[in-house]
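Sequences listed follow chains H and Z, in order.
With the first sequence counted from 1, adding 1054 to any position gets you our numbering.
With the second sequence counted from 1, adding 1054 to any position gets you our numbering.
Think of the hints as simulated: they come from the structure by calculation, not from any bench.
Note that this is a predicted model, so its numbers are computed, not measured.
Please note that a few of the clues may not be correct.
Any copy, or any two copies together, can satisfy a pair, since identical chains are not distinguished.
[Said to hold, decoys possible] In silico DSSO-like links for lysine-lysine, alpha-carbon gap of 30 Å or less: (1) Lys1459 - Lys1345; (2) Lys1083 - Lys1459; (3) Lys1134 - Lys1396; (4) Lys1165 - Lys1459; (5) Lys1459 - Lys1056; (6) Lys1237 - Lys1496; (7) Lys1345 - Lys1359; (8) Lys1165 - Lys1359; (9) Lys1271 - Lys1237; (10) Lys1452 - Lys1165; (11) Lys1269 - Lys1237; (12) Lys1104 - Lys1056; (13) Lys1459 - Lys1085; (14) Lys1134 - Lys1326; (15) Lys1452 - Lys1496; (16) Lys1344 - Lys1326; (17) Lys1134 - Lys1363; (18) Lys1396 - Lys1165; (19) Lys1459 - Lys1496; (20) Lys1459 - Lys1104; (21) Lys1271 - Lys1165; (22) Lys1271 - Lys1452.
Protein chains: 2
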Amino acid sequence: MKTIRVEEIANYAGQEVAVRGWVYNRTDKGKLVFLLVRDGSGFVQCVAFKGDLSEALFEQIVRLPQESSVIVSGLVREDKRAPGIPGGYEIGVRDLQIVQAAAEDYPMALKEHGPDFALDHRHLWIRMPSQWAILRVRATVIAAIREWFDTHGFLNVDAPILTPAACEGTTTLFETEYFDEGKAYLTQSGQLYNEANIMAFGKVYCFGPTFRAEKSKTRRHLTEFWMVEPEIAFCDLDQLMEIEEQFVTHIVRRVLRDRGPELRSLGRDLSKLENIAPPFPRISYDEAAKKLQELYEAETDPEKKELLKFEWGIDFGSPHETALTNLYDKPLFVYGYPTAVKAFYMEPWPGRPEVCKSVDLLAPEGYGEIIGGSERMSSYDLLLQRIHEHGLPEEAFKWYLDLRKYGSVPHSGFGMGVERTVAWLCGIEHIREAIPYPRTIKRVYP
Amino acid sequence: MKTIRVEEIANYAGQEVAVRGWVYNRTDKGKLVFLLVRDGSGFVQCVAFKGDLSEALFEQIVRLPQESSVIVSGLVREDKRAPGIPGGYEIGVRDLQIVQAAAEDYPMALKEHGPDFALDHRHLWIRMPSQWAILRVRATVIAAIREWFDTHGFLNVDAPILTPAACEGTTTLFETEYFDEGKAYLTQSGQLYNEANIMAFGKVYCFGPTFRAEKSKTRRHLTEFWMVEPEIAFCDLDQLMEIEEQFVTHIVRRVLRDRGPELRSLGRDLSKLENIAPPFPRISYDEAAKKLQELYEAETDPEKKELLKFEWGIDFGSPHETALTNLYDKPLFVYGYPTAVKAFYMEPWPGRPEVCKSVDLLAPEGYGEIIGGSERMSSYDLLLQRIHEHGLPEEAFKWYLDLRKYGSVPHSGFGMGVERTVAWLCGIEHIREAIPYPRTIKRVYP
């Protein structure tokens, strides 16, 4: 008999198969027992009828605790009402082998749990359908990211995690003793390395964990998160936006193609995602500031009005991003931010040094910034001047300055946070559910 | 005119194209100047003939410093003798635009450099053909790893980098202050998390940087390296070895298919890699011990003899691995190591508790261990006993013990180091060249 994966059950209607997995739920109806069995690839209803089985086995099944590991075999039947993911098929049980009867005190039984309890039991929480679905979407997002870059001439070049003498101050960096070399710091971004790498490889991306020791306690912040950062030689801001919209659209389409059952099980409105296609709207920071002023003036609720307060020169807060993106049904580019609120290495806007060639991509439905990018400074003199203005140690940037000395070229790049993207695609509130083992300022367990 | 990538030049013979890149080398022959131009995807010879160009431009070209960034346009000609990677084509220069003339003091000029100097200039060293080729192979190894798992039912589930209270002693762990939660440690392996994840997803892999604060100073050790770790529910040791040989063969074939020019440019003997196919030879530790004893007795050189000294119960050293793998022309499985030299969580051999169900895969040609794996313990009681025997804190392993309490299943997994695999495939001496920015006990820069 063939052992199958639940996700491919539609191919086995009318056949006898075996499924190896865990009992997620059990409902007893006299002579019938309904087991919802999960095997990692999906959830399937298995129907045990007393008349089909030995008395001893049926008695065992009736008492089977949640999370017991089993090998179920039987006939696959199509039944549109059958619950499960993908659902629509059930297995009429012919035999069942108990690998291990689970202990009766399973802590993540089928009820609501507070967030702290659930996070303390993250190693078990991931077995629940919602968390399982989100992390399956996450894996597809990661595969789609790599697929797009790998098929568009980008080379994956990993940036180091342990980095030398902190460049932009150490307050938001995790630090560690590094043998006799003093301290090393956990990376916040691979971008500076990317800029060296494009001079060797043309177009590159790094993709790995990054770290922020910030005391931010919001639903959009983690201390450890995954970021993909591409960088492109001979690329300006307009070309960068084109790349971003093609890239993001690819991710959305791949997730829609491969993870429909998971998204539906999360209650996601797929029509909102099906709508994502290039071109994405592009507005300047100046235009955004004008729109925010209009929204502020039109707002009648004093509390909301207060949150919308805005003046040219400040960075957007979450209420501003939400208000702006609510005007559109696609991701929104905002470009040309004030130089003062962005990093030191961004190319100035020609003729307007107070503005830089930066662009953020804001997700729809209030999910906020998912990508931050810019054209980078290519002039040695200007970069050196900027390093001095920011009070940064020139010595630590010597290698970075070399890149403007030996074959400088116009170049651009961006960084996309995986968890924020997954949260948007899944339509979930808090990004801590978009990573297997979330790390926040209060949590480094399990 | 079309801007092309050098790696696709064979498609443009007879056409006028533009290439954007950097001057890697320049040879002047009177009225002819040969420029070796690299664009990140390859190296191509560009021939500037004085008669074809304005006098001013030709004079500029004659003086063009190494690493100047340029846009070269001209006619693609097939010429088997033309140097480059892939080589065999050259461009007859019609026009050349200098984006930036590089400073004259380029530190990585075309000569041999000592390892420390080269590593200090890693951001420039990667522009040289050998390093460029190795890191291109690395990217393909990474893509092949993910391709194999993604098409064989494995889900990518990331393990955390920051981990709680160190489990196996802290001497080889990097540590960092973690807000008010005490210390956190940089992960050495995602395996324990993988074991939780298979109970939710069936087959998983994690793939990210891992850390060892070991004071090992060998050509096979880095303090930061990338490791891929798959884990499989309902899988025993024999099935694990089958997976490993399929997996490794896939990587080798993909690299041969996509990175032939790079491997040839490194002088790699491709026939050695073309030979890799399942099945791989499998010997037990007991058999290996016997073979080593025979080799020891046959050795006449006293120095070599001393290095081959071996007794049952110890782990293999590098000379032992090399001696064993020299007996085969494929990777070699050695299984059933002594329990005492392996981790606490490995399943004991039935009837022989002094041996465990572990298996290492040793690369040919003396490249040593590239994979370590095992069947994991599935019994709660035995695991708890082993945790006590090893003096480990039970509390820290509570979540890990849960996995044997709620639906335990037989399961196995392994870890493969990316840099060791790349070093083997490229045929290079030292794994520090197999990662973009190597971290060793003496180096955390640039």
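Each hint tested on the structure:
1. For a Cα distance limit of 30 Å, the shortest separation of Lys1459 from Lys1345 qualifies neither inside one copy, at 42 Å, nor across copies, at 57 Å.
2. Taking CA atoms no more than 30 Å apart as the test, Lys1083 paired with Lys1459 passes between copies only; the shortest distance there is 27 Å, against 77 Å inside one copy.
3. In this homomeric assembly, Lys1134 and Lys1396 never come within 30 Å of each other (Cα to Cα): the closest approach is 54 Å inside a single copy and 50 Å across copies.
4. When the C-alpha separation of Lys1165 and Lys1459 is checked against a cutoff of 30 Å, the pair qualifies only between copies, where the shortest distance is 20 Å, while the shortest distance within a copy is 62 Å.
5. Taking identical chains as interchangeable, the C-alpha atoms of Lys1459 and Lys1056 lie at most 30 Å apart only when they sit on different chains, with a minimum of 28 Å there against 63 Å within one chain.
6. In the homo-oligomer, the alpha carbons of Lys1237 and Lys1496 lie at most 30 Å apart both inside one protomer (24 Å) and across protomers (12 Å), since each shortest distance falls under that limit.
7. In this assembly of identical chains, the alpha carbons of Lys1345 and Lys1359 lie at most 30 Å apart only when taken from the same copy (14 Å versus 81 Å across copies).
8. With identical chains, the CA atoms of Lys1165 and Lys1359 are never at most 30 Å apart, being 39 Å at best within one copy and 66 Å at best between copies.
9. Both within a single protomer and between protomers do Lys1271 and Lys1237 lie at most 30 Å apart by alpha-carbon distance, with minima of 27 Å and 19 Å respectively.
10. In the homo-oligomer, the alpha carbons of Lys1452 and Lys1165 lie at most 30 Å apart only across protomers (22 Å), although the nearest pairing inside one protomer, at 57 Å, exceeds that limit.
11. With identical chains, the CA atoms of Lys1269 and Lys1237 are at most 30 Å apart both within one copy (21 Å) and between copies (16 Å).
12. In the homo-oligomer, the alpha carbons of Lys1104 and Lys1056 lie at most 30 Å apart inside one protomer (24 Å), although the nearest pairing across protomers, at 72 Å, exceeds that limit.
13. In this assembly of identical chains, the alpha carbons of Lys1459 and Lys1085 lie at most 30 Å apart only when taken from different copies (29 Å versus 80 Å within one copy).
14. Taking the shortest alpha-carbon separations for Lys1134 and Lys1326, only the intra-copy value of 26 Å comes in at or below 30 Å, while the best inter-copy value is 55 Å.
15. Taking the closest pair of Cα atoms, Lys1452 and Lys1496 come within 30 Å of each other only across two copies (19 Å); inside a single copy the shortest separation is 37 Å, beyond that limit.
16. Taking the shortest Cα distances, Lys1344 and Lys1326 sit within 30 Å of each other inside one copy (27 Å), while across copies they are farther apart (66 Å).
17. In this assembly of identical chains, Lys1134 and Lys1363 lie within 30 Å of each other by CA distance neither inside one copy nor across copies; the values are 52 Å within and 68 Å between.
18. When the C-alpha separation of Lys1396 and Lys1165 is checked against a cutoff of 30 Å, the pair qualifies neither within a copy, at 45 Å, nor between copies, at 40 Å.
19. In the homo-oligomer, the alpha carbons of Lys1459 and Lys1496 lie at most 30 Å apart only across protomers (28 Å), although the nearest pairing inside one protomer, at 44 Å, exceeds that limit.
20. Taking the shortest Cα distances, Lys1459 and Lys1104 sit within 30 Å of each other only across copies (28 Å), while inside one copy they are farther apart (80 Å).
21. For the identical chains of this complex, Lys1271 and Lys1165 are intra-copy neighbours only, at 27 Å inside a copy versus 53 Å across copies, given an alpha-carbon limit of 30 Å.
22. Taking the shortest Cα distances, Lys1271 and Lys1452 sit within 30 Å of each other only across copies (27 Å), while inside one copy they are farther apart (35 Å).
Going down the numbered hints, you'll see the structure goes against 1, 3, 8, 17, 18, while the others check out.
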